[in-house]
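Asker: Chains X and B are the protein sequences, given in the same order. Take the first sequence: its position 80, counting from 1, is numbered 152 in this note's numbering, and each next residue is one higher. Take the second sequence: its position 106, counting from 1, is numbered 178 in this note's numbering, and each next residue is one higher.
Heads up, a few of these hints could be off.
It does not matter which identical chain is meant; a pair holds if it fits inside one copy or across any two.
As the list claims (entries may be wrong) - 20 Å max Cα-Cα, derived SDA-like pairs, lysine to any residue: (1) 103 x 216; (2) 231 x 272; (3) 295 x 272; (4) 123 x 284; (5) 205 x 182; (6) 103 x 272; (7) 306 x 153; (8) 123 x 210; (9) 134 x 228; (10) 134 x 281; (11) 295 x 168.
Hints were generated in silico from the structure; no laboratory data involved.
Number of protein chains: 2
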Amino acid sequence: MNDSFTNRTCISCHLSSADMFQQVSFKELMKVLGLGAVAFVLGVEWLDWLKRRLRVSRGPLKEVLFFPSPHVCVEHLFTRHGRFPCACPLPHGVETSFSRLLEHLLSACRSLDLCVFSFSHMELSRAILLLHKQGVIVRVVTDRDYMTITGSQIGTLRKAGICVRHEMSSAVHMHHKFALVDGKKLITGSLNWTLTAVQSNKENVMVTEEPELVQPYQQEFQKLWEANDPANHKPQTTNGGLNR
Amino acid sequence: MNDSFTNRTCISCHLSSADMFQQVSFKELMKVLGLGAVAFVLGVEWLDWLKRRLRVSRGPLKEVLFFPSPHVCVEHLFTRHGRFPCACPLPHGVETSFSRLLEHLLSACRSLDLCVFSFSHMELSRAILLLHKQGVIVRVVTDRDYMTITGSQIGTLRKAGICVRHEMSSAVHMHHKFALVDGKKLITGSLNWTLTAVQSNKENVMVTEEPELVQPYQQEFQKLWEANDPANHKPQTTNGGLNR
C-alpha cells in the first residue's frame, strides 16, 4: 500500500508546474462560468417575480399611450422567433406608443372583440389576421359608412374569414374605438385605426385590466354584436319596402 | 306652600278633559315631529357616510357611460336652487348618460381642463360658461379646423373670456376628447361634444379618479397647452414665409 502510494506521488511529481496551473485554472474557470450562469438565470427569474409582485401590489394593469407615434420597425412583434434580423431602413429596437398597442393586441390568446369606427391601418390589420390564423376568435363591429371607404381593411378581414358586423342604421355612426383582449384587457380611447391617427394626430389610448372598467365595455360589445346580427335584419329594397 | 300647591291643583282641575287631551296630543305631535326630523337628518347623514365609506373601500371612482343618450330635461342641473320646477315638455327626473356627464362636469370647483376635437353641443357649452361664471378656471385646447365649423361653440367660449388654444399645425388633428375636473377627475372616451354624438352615435365615456390614469392625461394637457401657446408661434404669411 505504501509503495503504490509512493509511486502515485512520484508520477504526480513528473507533471510540470505549468501543466498543473493550466489544469487548475481551467477547472476554476468552468466553476466560475457555471456559477455565473446559475446566478444569471436565478437573477432573471427573481426580477421577473419581483415585477409580477409589484404589479399585483399596484393593482390591475393601467397604461396610457399618447399619439402621434414615431414610425419605427415593428417586425419583431410579428416574427418573434425569426432567424434573421429585419433589414428595413426604419429604426429598430425602439419602443413606441404604437409598438405597445400592437404588443397588447398580439397578447390575445383566446379572443379579440373589436369595435372600431374606421380601420385602414395595414399593420393593425396584419396583427388581426395573424391572431385569426393562430386560432384566436376575432369578432369585429364597425361603422356602416366607413367600412367601405378607400383603404378600409374590413374587406380584407372578411375575406380571411373573420366575423365582421356593421351598424345597421345608416343614420347612426358606430363611433367606438375599443378592443377587448381575452375578455379581460380593455384598449380604448380616441384613436381610430388609421395611419393618420397613429402617425399624425394627437390621440390617446388607455389599456386597463380593471374589471370595473372592462366589464361594461364587454357588455356593450355583446349588445352591439347581437343588435347588428344580419339574421335579425331584413334586406332593404328600393321599391318602397314592398317585396313583390 | 301647601295652600298655593292646592290652588294650582284646583286651577288645573278647572281645565276640561278635552282641553287637556288637545294640549297633550299637540305636545306629543311636536315631540314626534321633532324626533322624526332629527332621525331623518341623522339617517341622511349616515347614508351619505356609508356611501363614502363604500366608495373608499371600492377604490377611486370608475364609471362608464354609453351613448346615444335619451333626450331628457337637465334644467335642474343648472338651476339646483330654482324656485319653480321646469315646465318644458321633455321627460323630467330621469338620469341618463348625458345627465351624468353634465353632473361630472358641473362638479368642478377650481379648474376644468378640456381637450376636445369638435364642440358644438349647446348644453355642454352652457355648462362650461356657468363654471367660468362661478370662478372655475377653464382652459380649452381644440382642433384648428373644427373650431370654425358651423355651430361650433368655441367662439362663444372665447367671447365669454375663456382661454382657448388650438392645434397650431394645419396638417395635424387635435383628436382628443377628454376633460380633467379639478385636476383629479378624468372624463375621456370617443364622444365629441356634438348633438349627433350625444343623441345618435354609439359612443363611450369613462369617468375615473384613478391617479395612475388621471396623471398622464394631466401631463398631456399641460404639454399641449404649452405647445400651442400663440406667444411661441409666429403668424403665418402667404408670401412663402418671408416677412417683407
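Asker: Determine for every hint whether it applies to the structure shown.
Answerer: Now for the hints, and whether the structure bears them out:
no. : hint      : result
1   : 103 x 216 : neither (66 Å within a copy, 67 Å between copies)
2   : 231 x 272 : neither (29 Å within a copy, 30 Å between copies)
3   : 295 x 272 : between (33 Å within a copy, 16 Å between copies)
4   : 123 x 284 : between (23 Å within a copy, 17 Å between copies)
5   : 205 x 182 : within (12 Å within a copy, 52 Å between copies)
6   : 103 x 272 : neither (55 Å within a copy, 71 Å between copies)
7   : 306 x 153 : neither (48 Å within a copy, 50 Å between copies)
8   : 123 x 210 : neither (30 Å within a copy, 40 Å between copies)
9   : 134 x 228 : neither (32 Å within a copy, 37 Å between copies)
10  : 134 x 281 : both (7 Å within a copy, 13 Å between copies)
11  : 295 x 168 : between (33 Å within a copy, 18 Å between copies)
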